[in-house]
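> Sequence:
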Amino acid sequence: MSDKLHLSPDDDFPADLSVVSNQDLQVLDSQVQRQLDYEYVVEGEPNPETEFRHHDLDEEFEERDDR
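Position 7 of the sequence shown, counting from 1, maps to -7 under the working numbering, and the rest follow consecutively.
Take these hints with a grain of salt, some might be off.
Just the calculated beta-carbon pair ranges, DEER-fashion [said to hold, decoys possible]:
no. : residue 1 : residue 2 : range
1   : 0         : 31        : 19 to 29 Å
2   : -2        : 47        : 35 to 45 Å
3   : 16        : -4        : 13 to 23 Å
4   : -5        : 45        : 11 to 21 Å
I should point out that these hints are in silico values taken from the structure, not numbers from a laboratory. Glycine included, every Cβ here is placed at the ideal spot set by N, Cα and C.
Build out the structure end to end from the sequences listed, making use of the hints.
Next up, the structure:
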């Protein structure tokens, strides 16, 4: 897992989120969210890759939520 606070579109991203631990998934989510915030502020819109990653993370969280 990267020690970076954000995950740029060029950084590695797991192909299968189902094998990622809950803790690592939360870290990935935080990194992607920080990247989204950066892109909105600096570039005016998100990079499509960052949006796809955010969507994939949301879906994985939904899959794991057993409430």
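> Broken hints, numbered, in rising order?
2
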